[in-house]
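A.B. asks: Assemble the whole structure, with the sequences as input and the hints as a guide.
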Amino acid sequence: MKNFSRLICTLLLHCTFSNAETLKPADCIAKWKTKPLGVKVLAAPSIAAALKQNPSYATLQRDLSSWTPDFIAAAALELEQQVLSACVNRKLMALLGVFHTDYVRKMGWVGTLSKPGLVFRALVTTGQDRAAVETAVTSVATSGKKPAGDQALVKQVYGEAELVDGIWVVGGKATALENLKLTVRQMCKGLKSCPFWDPSFITHVTILPGTGVAQYVPEIGVLRLSEDLVAEFTPLKRVIIAHELAHAAIRRAELKEGKLWTQQFAELSAWKKEGSVWRTPATAMEGLWQDELTVDSLKQPGNSQYRLQPDPPMPAVGEVDGFVFAKTAREVQTSGDVAEDVADHIAAFVVYPSRYCYRDKPIAPSKYSWVAENVFGKERSLDCNAIE
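Under the working numbering, think of the first position of the sequence shown as 1, with each following residue one higher.
What the hints contain is simulated information worked out from the structure, not anything from laboratory work. Be a bit skeptical, because a hint or two may be false.
[Said to hold, decoys possible] Straight-line distance between alpha carbons at most 25 Å, and here's what the computed DMTMM-like set of lysine to aspartate or glutamate pairs gives:
1. Lys299 x Glu267
2. Lys91 x Asp150
3. Lys361 x Asp383
4. Lys259 x Glu379
5. Lys299 x Glu227
6. Lys361 x Glu319
7. Lys106 x Glu134
8. Lys299 x Asp228
9. Lys106 x Glu78
10. Lys361 x Glu292
11. Lys361 x Glu379
12. Lys192 x Glu254
13. Lys106 x Asp150
14. Lys273 x Asp337
15. Lys299 x Asp311
16. Lys181 x Glu388
17. Lys327 x Glu274
18. Lys181 x Glu160
19. Lys181 x Glu319
20. Lys361 x Glu227
21. Lys33 x Glu254
22. Lys189 x Glu388
23. Lys259 x Glu373
24. Lys106 x Asp70
25. Lys273 x Glu292
26. Lys327 x Glu257
27. Lys192 x Glu134
Keep in mind the model is a prediction, meaning the values are calculated, not measured.
C.D. replies: So, in structure tokens, the structure goes:
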């Protein structure tokens, strides 16, 4: 059973087995029934009947025809991220393969697939991007030039596409992608299982023309970066990329491991909602950062989301930590999204740890130790005399 399950994963998608061996196959189905989409999928008579046999695209094709691409994609991602990342069930794995195949076909592909999960992750999109990708898939399918394999299909759809450690990076030129790869390697260094670059939680990375785009879309696991972020390897732009990768890790920690990093960080910053406004005891002090991030930030247009200014230090207040970027506090106060707090402090820890100190005094010592332990599995205290 175990070897067969691993074979199915190899054919369909990336799977993680670290926690999976402790749950019985029946537990996987029970686990999925507790999820919003799982309870709907498993209530379908055809799915219930198929799971008693061996689910296949041929037997479920008619019933799947009434399901939208958005529903199929969402169900597939829920099954992969919240169920099969924690247990092994070969029939659910086979059903996941059916979902992958059906989604790709709904996008316009009619040929066979050797690894449907690989193609699914490259093509999963929503909104305006969906129409463009669907048009490209249909064009390849009707061109009369059959791609030589799944990877060739993805490359023909996007023009530029590269598989980087199980995750597709599409739309960017190979030379520019080296900067993205360097940031990923820096974040994953020393980690046996890297939470920042998990194919179950980043389906693909889209490099977009132009400037000013940095967005992780959690519902479909797509990371959207404008080409200016990967074309120039500056500290500020590495921090921005690392921040978005951290958002993927935050989602992974919650869905796969049940760890609520945002709640823990809310306590470290003492965030409290007063009416419609979020507040923290930490306040800005007189002074300005004078580092590479500041210099690079000042080069950005005044309305750029990359700019850190105004960027005064925000030190700890008693036992409440401060912020490595004043911008973090402003964004959380505006949006109420403490994930921005977590992502910024992870990014600084990896790319620019000196931000944890100002004039050799600690800014956020508890956050530094928390990130070291909870994200990287290390016991490390903040030492402003030794930090880079």
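A.B. asks: All the hints need checking, so say for each whether the structure fits it.
C.D. replies: Checked hints:
Of the supplied pair hints, the one linking Lys299 and Glu267 is violated, its CA atoms being roughly 34 Å apart against a limit of 25 Å. For the hint pairing Lys91 with Asp150, the CA-to-CA distance comes to about 23 Å; that is within 25 Å, so the pair holds. Between Lys361 and Asp383, the direct Cα distance comes to roughly 9 Å. Compliance with the 25 Å bound is thereby established for this hinted pair. At most 25 Å may separate the alpha-carbon atoms for a hinted pair to count; Lys259 and Glu379 meet this at roughly 18 Å.
Restraint check: the Cα-Cα separation between Lys299 and Glu227 comes to about 17 Å, which is no more than 25 Å; the hinted pair holds. Between Lys361 and Glu319 the alpha-carbon distance is near 15 Å, which keeps this suggested pair within the 25 Å criterion. A C-alpha spacing of about 8 Å is found between Lys106 and Glu134, which places the hinted pair at or below 25 Å, so the restraint holds. At roughly 13 Å between alpha-carbon atoms, Lys299 and Asp228 fall within 25 Å of each other, so this suggested pair holds.
A hinted pair counts as satisfied when its Cα atoms are at most 25 Å apart, and Lys106 with Glu78 qualifies at roughly 19 Å. Taking the CA atoms of Lys361 and Glu292, the gap is about 19 Å. The hint holds against a cut of 25 Å. Our distance criterion of 25 Å between C-alpha atoms is met by Lys361 and Glu379, whose separation comes to about 20 Å. Taken as a hint, the Lys192 and Glu254 pair is honoured in the structure, with Cα atoms around 19 Å apart against an allowance of 25 Å.
Distance restraint check for Lys106 and Asp150: the Cα-Cα separation of roughly 16 Å lies within the 25 Å cut-off, and the hinted pair is therefore satisfied. At roughly 11 Å between alpha-carbon atoms, Lys273 and Asp337 fall within 25 Å of each other, so this suggested pair holds. Taking the CA atoms of Lys299 and Asp311, the gap is about 14 Å. The hint holds against a cut of 25 Å. For the proposed pair Lys181 and Glu388, the alpha carbon gap of about 22 Å is at most 25 Å, so the pair holds.
At roughly 20 Å between alpha-carbon atoms, Lys327 and Glu274 fall within 25 Å of each other, so this suggested pair holds. The suggested pairing of Lys181 with Glu160 holds, with an alpha-carbon distance near 16 Å, which does not exceed 25 Å. For the hint linking Lys181 to Glu319, the alpha-carbon distance of about 37 Å lies beyond 25 Å, and the restraint is violated. For the hint linking Lys361 to Glu227, the alpha-carbon distance of about 36 Å lies beyond 25 Å, and the restraint is violated.
Distance hint between Lys33 and Glu254 is fulfilled; the C-alpha atoms sit about 18 Å from each other, no more than 25 Å. For the hint linking Lys189 to Glu388, the alpha-carbon distance of about 17 Å falls within 25 Å, and the restraint holds. In summary, the hint linking Lys259 to Glu373 is supported, as the alpha carbons are separated by about 13 Å, within the 25 Å threshold. A C-alpha spacing of about 10 Å is found between Lys106 and Asp70, which places the hinted pair at or below 25 Å, so the restraint holds.
Between Lys273 and Glu292 the CA atoms are separated by roughly 34 Å; this puts the pair beyond 25 Å, and the hint is violated. Distance check on the hinted pair: Lys327 and Glu257 sit about 29 Å apart at the alpha-carbon level, beyond 25 Å; violated. Proposed proximity of Lys192 and Glu134 is contradicted: the alpha carbons are some 36 Å apart, above 25 Å.
Hints 1, 19, 20, 25, 26 and 27 from the list above are not met by this structure, while the remaining hints are.
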